[in-house]
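J.: Chain order of the listed sequences is S and H.
Per my numbering, residue 1 is the first one in the first sequence, and the count goes up by one each step.
Per my numbering, residue 1 is the first one in the second sequence, and the count goes up by one each step.
Just so you know, these hints were derived from the structure itself, not from any lab.
Glycine residues also receive a C-beta, built at the ideal position from the N, C-alpha and C atoms.
A hint or two may mislead.
Computed, partial: chain H to chain S, Cβ under 7 Å [what the hints assert, rightly or not]: (1) PRO58; (2) LEU61; (3) ALA75; (4) GLY78.
Covered stretches of chain S, as calculated for chain H (at least 3 residues, CB under 8 Å) [stated by the list, open to error]: (5) 25 to 32; (6) 221 to 232.
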Amino acid sequence: MEPSRAPDCHGGPLARQLVAPLLRREAVGSTHHVLTFELDRPLEAEPGQFAMVRGAAWGSSPFLPRPMSLLEAGKTPSILVKVVGEGTRRLATASPGELFTFHAPLGRGWSPCPADRTPVLVAGGVGVCPLLFLARSLASLGREPIALYGGRTACELPLDGALGRVAELRIATEDGSSGETGLVTRLLEQVLRDTNGRVKAFVCGPRRMMAAVAGMCRDAGALCEVSLEAVMGCGFGACLGCAVPRAGGGYLYACSQGPCVDGFAVDWGR
Amino acid sequence: MACDPRVTLGPLVLRNPVLTASGTFGYGLEFEPYFDVASLGGICTKGLSLLPRVGNPPPRLCETASGMLNAIGLANVGVDAFCADKLPHLRARGITVIANLFATSVEDFAALARRLESEEGIAALEVNISCPNVDKGGIAFGVDPVMAATVTAAVKKASRRPVWIKLSPEAGRIAEIACACEEAGADALCAINTIRGLAVDPETWEPRLANRTGGLSGPAIKPIALRMVWEVARAVKIPVVGIGGIASADDAIEFLLVGASAVQVGSASFRDPCAPREVLEGMLRYGERRGMNLRDLVGKARL
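So here's chain H without its partners, still in its complex pose (with noise of 0.2 Å):
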């Protein structure tokens, strides 16, 4: 039976409901290799900022159950770099690509997305305010609803594009940091970033990064995910992208299920790049399997 993975997510029609999650997913060039990108419902780039970014010294990395911690720093290219050097191949590819930004304050994400403005083949923007690993600006936008309404307001006024609005697991309530970005105009929430965490070395007892804590991916945290991809979706109308140890097509029909309308592959894509596509393909081969269309599935969980 036929299956139409197209999604709609709020004035955006996207070809299916799978993207790759920020900061996974290089610039998406990184992947051509390995499968058709342009396949995907899109790409979020690795966190734009105004002026490149470093990042943080290493390691950036360790591996825990299931999962991995980073902190690798919003380490980019910085904004113009990507629209020279970047923007123009995924045009040409036809892949959609979701600009993920980075600033520290109102002001800059507004530049920002200004920035982006007169440049084309950019389908959304995606608003990080819930980065774990800078000193200044991600999480303290996200953990405040005044501060997440008013960036989200500042980047709207900024943009003629649509805005989604990526929450940090960290707001207390998650529901009410989305509810105060939806009252800002917000198109679409994605949900969630990374939790922090922390290891230690027994023998040496430094810490594994470099940075202390990084932010917790992977398997390990689909559950935590999955709850609040749940309690974001009941409490806004508008669409949710879940993110949050998506590994195969199951974990994604999961999110679907509980009201995310699209979601974003994460640090699946390191340990298998083509991830993402596997993921797709079996999402569509389960809903030919039931004879649905993908969109119909959202928020069907009996909960």
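Same shape as in the complex, but just chain S (with noise of 0.2 Å):
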């Protein structure tokens, strides 16, 4: 069955929020780790959904969630940390045992992609987490997704293993240290010429790189659903913090109508 979108009620029906302890945490390269929880049951999350996660004892500062894209759903969720900041530094040096709020499932995952679209994954850096999860999803539907995998140079690149393993994996850096010199976009031309448009892009990274895969897609007639990356007070569509231009005019909402949208509905210029 492919992935079907969570309903449409904020955090929705599944969503809760439980204090869980850091299971493990993986450096991955020099500056990315894979954090993983232990629950007390499964987490039912799709691809592209997200949790809000916090450290129990953080206090009053850092003073809200962090909303993390989901790695892996299940009795171990994971996320990717990349340090941008005081709270995700926290994470990224967090250890086993460390008790955290875990809020989840948040959002609304991927679309499924149809049958005679070819799913092509466009992943820039930490981009990659919800990318790598409908990876496993779609391998595990038997389809064969492309990934085009883009970073300013290869130590940018996290997960690129993982990924190879069930994705057809094509890479671009910017200082050629992996992959094709240059954007990733150059990799997604090809992708478009080859099958005359008929893909579908799932696209996750840097606000201008999903603003380019959109306008490309766009033109080359390819279906194109994006994840918004946006600062989140709540997460389920409480706040209205995490405003999005809109395609035609108001604001979409990255938690509760996203973070999965369709990226033509989203105003790139803005």
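Take each chain as given, in its own frame, and dock them per the hints.
T.: See the structure below:
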């Protein structure tokens, strides 16, 4: 069965917040970490959904939980962390046994890939997380996804090995330290040409990359879904902090209407 | 020992003193998966305006030490959609609803109150004269006693319901505004709204919020809120609802001790959707341990 959309009701009926210990933390390269938590019962989550994670001992600062895309669901769900600030620094230095509030599954995951379209996963850096989850799910359904993975250098391609095991992996780095030299969009050009646009792109990475990919997909007649990133307060539709400009005016909310949304529904220019 | 959690706010009896602050609890329904929202004293809705508002451009939020800045810009579905799509569910679940109102003119505040007159299931109106994040209205009414009184009187005249006025911490003398609202007929006062703050990214030199300034909330503002609630409660005879950085039962009890009859849990609900319930349960344990009714704690601080 293809992954189906989460119900349209905020956190969804399955969302719950619980306190869970960190089971293990594995460094991935020099700048990323995979954190695995141990739950009392399995987390039923779809690729593309996320968790709000916060150290139980953080006190009043950092005040908010951090929205983290899920890498795996189940009894020992995991997330991929890149240090960008105080919250992620604490996550990246946490020890096994440390307690966290773990609020999941939240948001809408990836929608299905039509049978007549090749799934093409376009990842930038830490954006690989929801795409590796998706690639594993697609592979288990017998689909053969193509994964295009870009970063500035080879160091910024965490979990490339894992991705290569479940997808046909093509890499681009800006400094040429791995794969083709240049941006990931160069790889996409090739795929769109070879397939005559009969693909569905699943995209997660820096905003400029997602904007460029959405534009290329539109021009080529390809489908395009993106996973939005935004600063979040709550993660379940209450604070309205995670607004993203919507095509045609107004805003989309990354937590409750996303994070996975139609790439053409976003106003990338605002 | 038994603890009676009920509190009286003017003409209104609430099942307990724990409410949720406007803008931090959506329309209440977002929290239904997490706990029985009807068990709270009440919820204050997201600020309702006559017409829907899309809100401010992003980024709208940023975290700060022990709190956060927000400039959501009163994004809301508008009063008609609230009445059609949200209120029936809230009513069916037995949730005590305080409708928070936002407008940019006295006439529009009155029109909002009138619009809700025919709707069942609203316990009180909370008038926001203190939003720091919109160009017009909001805080302009909250820093001038004459304007504050004018809005209060207009909403009172337009509605049979209890009218609460949510005060701004930016009024030079908050007690003066409080007294003006009381004289104009307010049934209760809520204090405080967020305090305007600013944060800048040292790498990009850009403000962290697109609106540049935003309202500071969270534990960082609790001492300021306590001081202001104390000042307001001393100045008026009507009940005061304390707001500002409440994240635990002890925080809430402090507010009762300085004179608040009830409290609102705000941004704490973002980091833990069950925060209001936990504040309530902790307060009940406190009351039982001391053999006291929660209302008997009001104003008991030795100040």
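J.: Would you mind marking each hint as holding or not holding in the structure?
T.: Now for the hints, and whether the structure bears them out:
no., hint, result
1, PRO58, "holds, 5 Å"
2, LEU61, "holds, 4 Å"
3, ALA75, "holds, 5 Å"
4, GLY78, "violated, 13 Å"
5, 25 to 32, "violated (count 0)"
6, 221 to 232, "holds (count 3)"
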